[in-house]
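Q: Keeping their order, the protein sequence lines are chains A and B.
My numbering applies: residue 5 is where the first sequence begins, and numbers increase by one.
My numbering applies: residue 16 is where the second sequence begins, and numbers increase by one.
Just so you know, these hints were derived from the structure itself, not from any lab.
Nothing false has been slipped in among the hints.
Within a straight-line C-alpha distance of at most 16 angstroms, the following computed EDC-like cross-link-like pairs (lysine to aspartate or glutamate) qualify: (1) B:K256 / A:D177; (2) A:K117 / B:E251; (3) B:K259 / A:D177.
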Amino acid sequence: MLYNYVLTAWKVFLRRKFFTFINLFGISLTLAVLMIATSMVEGYLYPKGPEKTSANYKVIDRLTLTNEKHTSTYGGRLGFKFIKENIWRLTSPELISLNSGASSVALYQNNQKMPKSFRRTDANYWKILDFKFIEGRAFDHGEVEQGQFVAVINQKLATELFGQSSAIGKSLDFNNQRFQIIGVTENVSEIERNATADIWTPYTTMPSTSYQQDYQGSWEVIVYHSDPSMLDEIQKEYINMLKNDLVLDHQDGMSVAYSGAFNKFENIAYQAFSDEYSYQSGTKTLATVLIVLVVVFMLLPSINMINLNVSRIMERSSEIGVRKAFGASASQLVAQFIVESILITLVGGLIGILISVFLLNLIEQSGLIAFAEFGMNLRVLFIGFVLILVFGFISGAYPALKMSRLNPVSALKGGE
Amino acid sequence: MLIHILKMVWNRKKSNALIVVEIAIAFLVVFSLTALALRNYQLYQTPLGFDYQNMWRVTIKPSAQWQPERDLVAVKQILSELEKQPEVSRAHLLDNPTFLNWSWTSSYELDGKIIRYTGNRFDDKAPETFGMTLLEGRWFGPQDSGQNYTPVLINKRFVDTFFPGENVIGKNIAEVNEKNPQERRVVGVFQDFRQMGELSKLTPYLFERLDIDSSSNRPLRGIELKMSPNTQIIFEEQMQKIMKRIAPHWEFDIQTWESKRQTHIKETLLPITILAIVGCFLMVMVAMGLFGVLWQNVTARTQEIGLRRALGSTEKQIHAQIITELLVVSFFGVSIAALILVQLPLLGVFSELNWSLFGSAFFIALVMMTLLSVICAFYPGKIATNYSPSEALHYE
Chain A
5 MLYNYVLTAW
15 KVFLRRKFFT
25 FINLFGISLT
35 LAVLMIATSM
45 VEGYLYPKGP
55 EKTSANYKVI
65 DRLTLTNEKH
75 TSTYGGRLGF
85 KFIKENIWRL
95 TSPELISLNS
105 GASSVALYQN
115 NQKMPKSFRR
125 TDANYWKILD
135 FKFIEGRAFD
145 HGEVEQGQFV
155 AVINQKLATE
165 LFGQSSAIGK
175 SLDFNNQRFQ
185 IIGVTENVSE
195 IERNATADIW
205 TPYTTMPSTS
215 YQQDYQGSWE
225 VIVYHSDPSM
235 LDEIQKEYIN
245 MLKNDLVLDH
255 QDGMSVAYSG
265 AFNKFENIAY
275 QAFSDEYSYQ
285 SGTKTLATVL
295 IVLVVVFMLL
305 PSINMINLNV
315 SRIMERSSEI
325 GVRKAFGASA
335 SQLVAQFIVE
345 SILITLVGGL
355 IGILISVFLL
365 NLIEQSGLIA
375 FAEFGMNLRV
385 LFIGFVLILV
395 FGFISGAYPA
405 LKMSRLNPVS
415 ALKGGE
Chain B
16 MLIHILKMVW
26 NRKKSNALIV
36 VEIAIAFLVV
46 FSLTALALRN
56 YQLYQTPLGF
66 DYQNMWRVTI
76 KPSAQWQPER
86 DLVAVKQILS
96 ELEKQPEVSR
106 AHLLDNPTFL
116 NWSWTSSYEL
126 DGKIIRYTGN
136 RFDDKAPETF
146 GMTLLEGRWF
156 GPQDSGQNYT
166 PVLINKRFVD
176 TFFPGENVIG
186 KNIAEVNEKN
196 PQERRVVGVF
206 QDFRQMGELS
216 KLTPYLFERL
226 DIDSSSNRPL
236 RGIELKMSPN
246 TQIIFEEQMQ
256 KIMKRIAPHW
266 EFDIQTWESK
276 RQTHIKETLL
286 PITILAIVGC
296 FLMVMVAMGL
306 FGVLWQNVTA
316 RTQEIGLRRA
326 LGSTEKQIHA
336 QIITELLVVS
346 FFGVSIAALI
356 LVQLPLLGVF
366 SELNWSLFGS
376 AFFIALVMMT
386 LLSVICAFYP
396 GKIATNYSPS
406 EALHYE
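Isolated chain B (complex conformation):
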């Protein structure tokens, strides 16, 4: 049966070629959209590694270059003033804010591997307030002050990516031939800190210690506040006044983590939604196009179908034949698309597209294309069964 259908599809290869191309392109579209949607769903399901409830961010916008001797005093004063407010339960320092595309990435070579990570700095007590989970070792503490090493915290992905299976606590991960070799000692491993939000890439992450008393020349960029529950937004005005009194030469931007998170999700989903709508419209168009072509073909093949009916084919067999034919054509189209698509993970074009994501996206896209083919072929197939043999053989 299948061989017979293959032969028939082959005999009509010229008119089928265009359908194959159309299905191949349509499959590329469906696959891309499915992969994109699946990827974002996976990301959304991966834990953030911190709590965003009742957290506020104050970003310091200095109007001039950072002058440590003057500016560190101001930050300290702001921290202590804010902590005195009943609305504020904890105040911490964190350089790069959460839920914003504001990041610091770094890379260097170690033992022949390129270590590439996203970095950030916070103070000793910050991870507990942020609700982060420690897996091994310890957080930063006063014992790290005045040491001859730079303590760092890394996330589990950092360990899994660069040092799989190793015990990294106490390991020196500094670049070997640096000009001033300062040991960078791993003091702890935490679950995760997905700084840029639920829909952002998963990256190796590293925290450096931010000790305001021995801080370097690098400017401090932001204060994170744990607020007591139900603090009204309008408390911002009071905060602005307090901070402006201490540092009139700075501007402050205050945002809740929750609002930044909403914006992040909205901004990430908007382009995906637009793509999905355009993709759906393309699919409807392809479906109607295939439907029309098949309908036309069935009409053109009336004689052939009549002959088959006269030789004893049942209505069901005719119906199945039309549907199977389109499925075979689809199979060729999908195969061509698959040959193109398989290059993506092979060549590693998108690091995000691993084999498991590729597999599931391919499977879902395959199911969708098959369904689409069956739906498109169903009605034309039905029409074909309506021809009575004598009528069909007379048709000219």
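Isolated chain A (complex conformation):
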């Protein structure tokens, strides 16, 4: 039966090639746009680089400090003192790591300025995030404790500075400090916000120790547990601590803190929708907004296809008349036309996937997002497939219903 439907569909597609082309054009480009968006979101939510352990950690990188009446408010990243007095007291995480966030720094070589990004961090950072070392190693607890001037750099910088020769043991000067290179890692995509940098050094190499007195600063914290289901416990413990057991001896009378430990999806939601006096991330709002956006974007191509298909009913009226006369039920006809519509959407979808692979390659090569790699993987393909089915169903259902309702007699005569 299905074979017959497919055969009929194929014949119909070939009969009016121009209409098939219009349909395919709309479907493939719509799906290409959606696939590119999906694969970028996927690249962010499920990183392939050092952050591939992201299911096991949450990040605390926002802090709102305020007073009872909210008349004076600080919103930003965390200060070292806040981390030391509060976050380090958390008992549920297996590992807690802090880092300074990536900041820009200039290296000068051969009368050229090389803008680089640079991050100060601790030894746990290397345990939580899964960096691939090309040579050398990361710094350990001892080196961080002693404030040793050691640095890990990425492959691109190593090649720029030393060419093919080994970078280990060489020295690196910036910010008027001299570091010894002990490790070279792979390049990390800029989309992995907590991992990306060109240079990593122990946080204890700060030129002054006065950062230790600040509640507000530029630090971010990663809390890790080997069991992903424990992450919610960490969030609960953290919020409970902020509400009931906060240590905050702030000079400006700030006594209330809002913050949260978030995974990647929660983090976008928090940035986009949460108000500053809240512990919640607003993931529901974000999910709703995303779904609405996708539906709205698919609306115009769908209506376009429905329009086209409805106007082509006449073309097939004699076929429908014959089938009805020979006893085909309305539901059988509906099924047939939906199969047809899904079939053409599938073909269009495949073209769309090819287009999106091509465009994603272009985006990667453009260097818009440094070291980004958006491959197609099974998850993205699956989402694409679901989108194709939904799209095919939406654009096929209404015309199919209309076709199945044709009066067999008038259909055979070729009228409405």
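With chain A held as given, fit chain B onto it using these hints.
A: Here is chain B on its own, set in the frame of chain A:
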């Protein structure tokens, strides 16, 4: 003629309804993109209010909380050391840098109005070096030191928005019932200072005076340098060394205004470009869809067209009929879209979307949709004229 066509469109209302919806949505897309593009073009045409040539920014990144007694000395020393360099012609203090989304906004109530503005601080000589234009009053000067008022400079938009037609020089614009009532006296009005660049919003802007000798506890955040022309980028390294020698506990970020400006323009235009490409693709798709539908309809209406030909309609009249029909359908689609769109300026959803922008964007979008309809209907209309009456009447 038009009434007749309206009747025909109405008779086919069921199949036309979907086309109307499609055109309405397409019009919403075209309108949004046009409005966005026009808005950005307007912004780009509005003068910046300052010169960015040969300007460099040094952002101070303190690694710890600001300690005025220690840190102000360091900044003073850095300023004087830098000015000694032959490459540097002037050095000034400015808190929030140009061309970056780094701003300080403030709002308070005065005479029943919410005064909302973007603020910044600079030193007395800075506006002249930045090439800013003074419209009324004066810049800050030594006469402002040790006074019982806080002097402020505001831009023309500040005056036009909150005190239209008033002479604001000498006016106290402080919040009335503040705990410590300190007079904020307007000493001058300048043309503009569009801190965040050519494509940023136009906002009321206010400068406070930054006097390093009587500075408060607020940290100083950046130094702006006017360089002599043709200074090489590599001079940065030397600057870093000089500044690090004076303040080893700080980090410094050096950028030219020109490079920040390029980044700002690129980052603002990128999403707009992506939207425009997606929008164009949607339009091509709609155009091909309409074209296909019309073609199909014309084929289905062969008999009707044949009858009209037999009764003496010329080819031209048939052609015009097909095109006018689609235009009438488009008109309904656009009207529905217009009913939705007019809510935006009425409800003030986007403060940027004023009536004049709305009008011009609507007009351009209307022209584009009309053109699109005519182009889509042209070829199907042509086909319709090719039917000879006898052939058409025989068609079954």
